[in-house]
Every structure is written in structure tokens, then in C-alpha cells.
Amino acid sequence: MTQTLVEATNLKKYFPIKAGLLKIGGYVKAVDDVSFEIRRGETLGVVGESGCGKSTVARCLLRLIEPTDGEITYQFEGSGSVDFLKARKRELHELRRHMQIVFQDPFSSLNPRMLIKDIVAEPLRTFKAASGRGVLDNVRRLLSFVGLGEEHLYRYPHEMSGGQLQRVCVARAIALDPEFLILDEPTSALDVSVQAQILNLLKRLQKELGMTYLFITHNLKVVDFMADRIAVMYLGKIVEVAQRGEFFEKTMHPYSQALLSAIPAADPDAKRLEKAIELVGDVPEPINPPLGCPFHPRCPRVFDRCGLEGRDLHAYLDSNLDIETMKKLAISVRDTRISIAAKDPRSPEALQTVQTLIDNGRKLGQPMFSAIESVNEERRGEVTVIFRPPVQPPLQSAGYDHEVSCFLYHPLNTLSGH
Amino acid sequence: MTSQEPLVSIRDLTLHFRTYEGRVKALENVNLKIERGETLGVVGETGCGKTVASRAIMGLLAPNAMVVSGRIDFSAVGNVLEMSQVQLCAVRGNQVAMIFQEPGRALNPTMTIGDQIGEALLLHFRERMTEKGLQLVGDTSALGHEPFWKRMIFKALSPIHRSLLSAEKKNANQISLRLARKVPLARAYRAYTALAARAEAVEMLRKVRMPNPQHAAGQYPHELSGGMKQRAMIAMALVCNPSLLIADEPTTALDVTTQLQILKLINELKRQFNMTILLITHNLGVIAEVSSRVAVMYAGTVVEVADARSLFKNPLHPYTVGLLNAAHEVGGAKELQEIPGMVPNLVNPPSGCRFHPRCALAEKICSRATPRLVEVREGHLVGCFPAQRKFGKLDVMPS
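Protein sequences, first through last, are from chains Z and W.
Sequence positions in the first sequence follow numbering that gives the first Met the number 0 and run 0 to 417.
Sequence positions in the second sequence follow numbering that gives the first Met the number 0 and run 0 to 398.
It should be emphasised that the hints constitute simulated quantities derived from the structure, not laboratory data.
Treat the hints loosely; a few may be bogus.
[Said to hold, decoys possible] Calculated pairs, DSS-like style, for lysine-lysine (alpha carbon to alpha carbon, straight line, at most 27 angstroms):
#1 W:K263 <-> Z:K220
#2 W:K131 <-> W:K181
#3 Z:K206 <-> W:K131
#4 W:K333 <-> Z:K270
#5 Z:K220 <-> W:K312
[As the list claims (entries may be wrong)] Restraint-style ranges between C-beta atoms, simulated for each label pair:
#6 W:R270 <-> Z:R361: 37 to 43 angstroms
#7 Z:I23 <-> W:S83: 54 to 60 angstroms
#8 Z:R300 <-> W:N78: 51 to 57 angstroms
#9 W:P108 <-> Z:R300: 35 to 41 angstroms
#10 W:T109 <-> Z:E90: 50 to 56 angstroms
#11 Z:S107 <-> W:T18: 20 to 26 angstroms
#12 Z:E248 <-> W:R17: 53 to 59 angstroms
[What the hints assert, rightly or not] Every beta carbon over 10 angstroms from chain Z, so not counted as near; a handful from chain W, in silico:
#13 S140
#14 E145
#15 K206
#16 N273
#17 A325
Just so you know, even glycine gets a beta-carbon here, dropped at the ideal spot from N, CA and C.
All chains, full assembly: derive it from the sequences and hints.
So this is what it looks like as C-alpha cells:
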């Protein structure tokens, strides 16, 4: 019975970094090979921290920005399956009638020079869905739908509160009776009591109008309230997708677990803070993301298959050796290769410290060192460590309607073909 | 209850802002005590006056602010509201320090982190810095990062610098010193005090667990991530060892996992430095995790004060109840309870209890008289007539 409404396959969006007039110095991999589907009538919640690419996914789905690569297929009622990225301008205009978006900040997403009635009427006029007196009647109906009244028709955005403006945005979005509505952090700019009003409104509208939602937020409490299925994003990738109940009960990915444990509970006895999983460091730059699993440098459950690489060993040495020793070493890293040399070949003590560190680590089987393929001493006073080639964990089924991209849940044999 | 006098007590503070729309009645008869060593959480929605109240303690009010009545007593220094700017300068940063919501905007983009932290030390502890600087004179390894020729010049000038520093230790405002500060090579003696301040700044950065503090001290704010900037802000606030730390929405601009790091850090530093913290936030979860006592504010009034446990388990004011019900918890009910209506415009606040137009328990009296905070149970104060009546402690001001 559950039909797919939107399917995105291998969606990518790379933003070039300009290094000169014509030169490109690299890419910010905002969305990196993401595949997912949204089923008709459901709410898919996308959670993640700032910069993880969740808003970029939303914008790509509407083609507000062109994806670099990938495929997006829509299946609207009565129009069969449409390859959205190949649609021409004319076609695109017609298709957009079925999809709408509500942005985070209602103050900046409404034209300050337009009256509320004109803002809500704009989609009706553009798509010629109503004319003459019908337009105003429709606007009245839409406003009453979102809990606003006659008195708001002739107001400007600055005369209204944030909650009311967000209602106007919702009214504008549902004006053409769309099938698919993207909600990009619709309540994060609002206060708790107003947030409750808007969330209840959105839920009611979905029931009455049978819309499909893509709900983007960084707030796990909100996503628990709104979503039927939840997708967690980290550094441009989806790391876990599951049904809501399943997600909160059997959270699998270590990142999702850390996110969940970090929510402060409104209960002074819970003292969740003490039990919470604290992640070390910050989210890495998406320009040159970690190899293998993008979460491995911060993962508390990292092991040898996660894609440990030269940078990780460098960071490990940084935190485990004192500054004086580090000053005596010249370290160069290229992906899985790291060369460590003593700056002064006459005093190789620093290098010996590193070598014993590596030897001990390998003997003890620490994850950082069991991922090493070989340690070579090519020249005197230089050690080259080569890690095994990294493999990205695929997003694979790990339970009923539960997909996760983490090697902890994938037995070795699924890896054979990478 | 502690018999000691509170660190800060705000008494009957009424504060208005003059605007073109009229007088914004931002605070109305606010009474609040901050006890020594506690973490007082102030929670409320946008525009409820929580930030204004905290800024009043720092004496950081906008020029159009008008204190109608009331006083803010800061234990050691007296009424903050009657102090001159010069007197306030000695209090700010030294006795009270503040962490702001957006670390990106609160830091100076043209100064390195180390210099910004050191600035507070040079302002409040110049003597100690001079003393430390004096020990560094002639020690070329302290200037290790400078080029060789510069180190040689400093070495050659060290007798002059030493005498200038000892003079500064005695009296920093002597005419001879003021003149010396105009002479190019001689005025470089101040580099030693700056070096001493930098060293303490690095030490402070280490205490807030900044990764690689030595390196971070030389970086500019734009080179750091949000969480690291907030750590730098905290270091800056704590470097003078203030008795009160005001944290105004310290984690609102941060992601959940970074928020966790910062909250843990604040808790840890509180224990280590034995600080008093005033934590302002709209996030009930953050309040519950960190604070020992909570004050709830609504439209410029304090409506309820209680220890964290009884406030969350047994809220008395209908607004507090509404706020707690409006926030969804994971695995909670499938319908959120709304508080009807919206926050009133404070140019024309409702008469009587400011919450009565949105309140389900409102009675006739609520629109006529203004409720005062009454202690209905030990340590639990509430400003609501129906709630007070329930405990037989109804207190109606004669009007």
C-alpha cells in the first residue's frame, strides 16, 4: 500500500571553492552520494548538526539549486513517474505546483513590502488557480485554515509576530494543495509555546490534506513528535534511516546514539548529562572529509575496518606525545600513507619513541594500529606507515525497515565486492 | 536556607525603555536573589526580560533604559544601579563576567584569542602582570618566537626595560613613565606585561580544555569553530576569577553535541572555581541539567521561583505548567498542549497579572490586582492568586 512519492538516488552536491579566476581549489562535498525514498503520506524527518547537508538535500529536491549528480524521481498522483532532474523549464514550473517549502526564518522569507493577502495569493495567481473575487475568497479560506482571521488580511509582515508569520508561510505553501511539503527547520526560530502551536497545526494539516512531509530539523525532540521515519545525516551522508519507534528504541549508529544521549531532558533527576556520550573534537571540514566512514575520527566505538588513515595517526601522535618530541619530527601525510622522520638525523630518539608507540599499539591490538597494513623503514631516520585501503560503510538493512551505514552491523562477507 | 547574605539581590526593580512606540515596560517589580555558590537558572520566552535583568546587573543597559524604581545590591560593592561608569569598569570582568549567546559576534575579530583574554588581565591585574613581566626581562627564551635581531635588541635594552617595569610597579601613572611610553624602543617594555598576560591566557585556555591552547591563543576568532569560540569566551570570562558568571543563552547557537561539551565544561568549572552562575536560557532541558534553583519569567515579571526539582515535578504557576507541557519529550504524548494566544506587547501590558489573558485559571481578581511573589512552601515562591489561595497564602496588594 505504501507508495513511493520521491526517490533520490546517489544524490550529490559539490560546491566548488574558487581559487582564482578560472581555477577551482577543491569542492565542499555538502551532499555526498545520498539515496533515500519518501513514501506517500508519511513524514520523513531529517536530523543532523549544522553543516551536515540536510538543507542542501531539501534544496536539491526542489531544484532550487542544481544537484551535481544523481537522480530524483517523483510520482505524483495521475502523472506517472517523472525524472525531475531532466525536466525542462516549462515542465518544471508545472511540477512545482505539487511541491512547496516552508523556511526556517519567517521574517526573511516573506516580502516585507507585500500585504499578507497578496503573499498568500501569489501562488494562486502564478498558477492561475483562481481569479477575480475567487482569489480573495481562497485567501480567506487558507488563512482560516492556519488559524488566522479576517483582520490579518491587510497587514504587512512586520506587524505580526513570528508565530503568526510562520502560519502565513504555511498558508502560502498549502495554497495550491501540494502533495509534497518540505519543512526546513520551521520552528527553530520560535519560542516553545509558539512552536507547539505550529507543530500541532502542521500535524492537523497533514491529516486533513493528505500531504507528504520532509521535515528537516536539528531538534530530536521535534522530530520524535513529527516524523514517521527518521534519517540521520553526518557530513553529507545519511548514516541511519529507521521507523521512529525503532529508531529511538534500537538506535544503531554510534553517531545517532551520541546525538540522542546529548539531548538535555527537562527532568532534574534524570542527570542525563553525566551519562551522555561526549564526542571529542568538532565536525571535520567537508572539503576533505575523513576516508572510510566519515564519523570514524570521533567515534567512540571505532575499530580497524572503519577507515583509519594517516591523519588519524598524526592526531594520535599529537595528543600522545609531548610538544618537545613532536617538534623534533617531520610528518607528512597523504591519505593512508604517513611518513614520520626525525628533523635532525643525528638524534633519532624522537623517532624511536614513535616506533615503540607503534610496536606496542600493534601488540596490544589497539584499533588505530591494527588497521596498519605495513610499517616500512625505507630510509634511515624515516618511517612510513601505510594503512589498509579504506572502505566506506554502505547504507544497508540491519533490521525491519532500518538501514544503517556502520561496519559494526555488517558482517564481513558483505564487504567482499566493496 | 543559608543565613549568609545573597551575592546579588535585585529588589523591586522596575525598568522601562523609551521608544517611539511609547514606554516599553520591560521589567515590573522584579525580585530575585542569587545565593553564593548556586546556579540560578532564569527561563522564559523571547522578550520576557531575562536578558535585560542580567544586563542590569552588569550595568550594561542601553541608553534609552530608565530605572523607575528598585535597586540591585552586589554584596561587595553596593548598589550597581547608582554606580558611575568608572566604578562599573572595576566591577565588570573582575567581579561579574558574562558569556554571550553568539560567540562569533561577541569576540573581537581583529584580535587574537590570546590577546583578548589577556586584555582583561592587563586591565584588572596590571600590577601582577608587571611583576610577572619583570621576571621575564632578559630571559631570551621568553621571546623565542621573535626573530634573532629582535631578541638581541630586547637583550640590549633589558636594563632600561627592567627599570621602567619596576617604576610601573610602583606607580603606573608617573609622568616619567608616560613620557617613556612615547619613546619608540623604550616603550617596548610593555611587551613583557603582555607576554605575562599571554602566558596566563594560555593557562586559562588549557583549563577550558581548548585543544592545543598554545596554538589557539595566536588564532583569530574566524579560525575557530563555534564550540571552540565558546570555550574562548568562557576562558575570557573566567580569567579574572569573577564571583558571578552570567551565562546568557550560552549554548543556543551551538549544536547538541557541542552543547553537551559546553554544559559539561560549565559544570566542571563551577566545581573547580566555586563560582556562582546565573544561567539564562529558554531551553528547559538545559535548565534542568545545570541549575539548582530556577526562576521563571513572563512578560517582564518573575512568576515563580523554586529549586529545580520542585519546579519541574510540581510547578505551581499556570504559565510554568503551560511551558512544561508545550515542550515535547522523546516518547511523550502525540498532541502538544498549547498556551493559547501570544506574549503581550509590553508597551501596553495587560492590567493585573500579565498572564491573565492567556490563563485558564484566571479569576476576576487577576485582572485587577498585581500578584506578588509569595513563599507558599519552603523555598517555593509563586506570583499567582489562584495558586496562592490553594496554599492559604493569598496576598493581595491594597490598591
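Open item on the list: Verify this label for me: W:E145 is non-interface relative to chain Z, using a Cβ-Cβ cutoff of 10 angstroms.
Closed with: W:E145 is indeed farther than 10 angstroms from all Cβ atoms of chain Z, at 17 angstroms.
Task: Cβ separation of Z:R300 and W:N78, checked against the hinted range 51 to 57 angstroms - done: holds (56 angstroms)
Task: Verdict for W:P108, Z:R300 (Cβ pair) under range 35 to 41 angstroms - done: holds (39 angstroms)
Open item on the list: Hint check: Z:K220 vs W:K312, CA-CA at most 27 angstroms. Holds or violated?
Closed with: holds (20 angstroms)
Task: Distal placement of W:S140 relative to chain Z, Cβ over 10 angstroms - done: holds (13 angstroms)
TODO: Given the range 54 to 60 angstroms, decide if the beta-carbon distance of Z:I23 to W:S83 lies inside it.
DONE: holds (58 angstroms)
TODO: Could you see if the CB distance from W:T109 to Z:E90 stays within 50 to 56 angstroms?
DONE: Distance hint for W:T109, Z:E90 holds at roughly 51 angstroms.
- [ ] Assess, step by step, whether the Cα of W:K131 is no farther than 27 angstroms from the Cα of W:K181, and give holds or violated.
- [x] Answer holds: W:K131 to W:K181 is near 23 angstroms, not above 27 angstroms.
- [ ] Decide, holds or violated, for the assertion that all CB atoms of chain Z are farther than 10 angstroms from the CB of W:K206.
- [x] The assertion about W:K206 holds, with a minimum of 17 angstroms to chain Z.
Task: Pairwise beta carbon distance, Z:S107 to W:T18, judged against the given window 20 to 26 angstroms - done: Once the Cβ atoms are compared, 23 angstroms apart, the range 20 to 26 angstroms for W:T18 and Z:S107 holds.
TODO: Please test the hint of 37 to 43 angstroms on the beta carbon pair from W:R270 and Z:R361.
DONE: holds (39 angstroms)
Task: Agreement of Z:K206 and W:K131 with the hint, judged by alpha carbon distance not exceeding 27 angstroms - done: With a Cα-Cα distance of about 70 angstroms, the restraint between Z:K206 and W:K131 is violated, given a limit of 27 angstroms.
Hints 3 and 17 from the earlier list are contradicted by this structure; the remaining hints agree with it.
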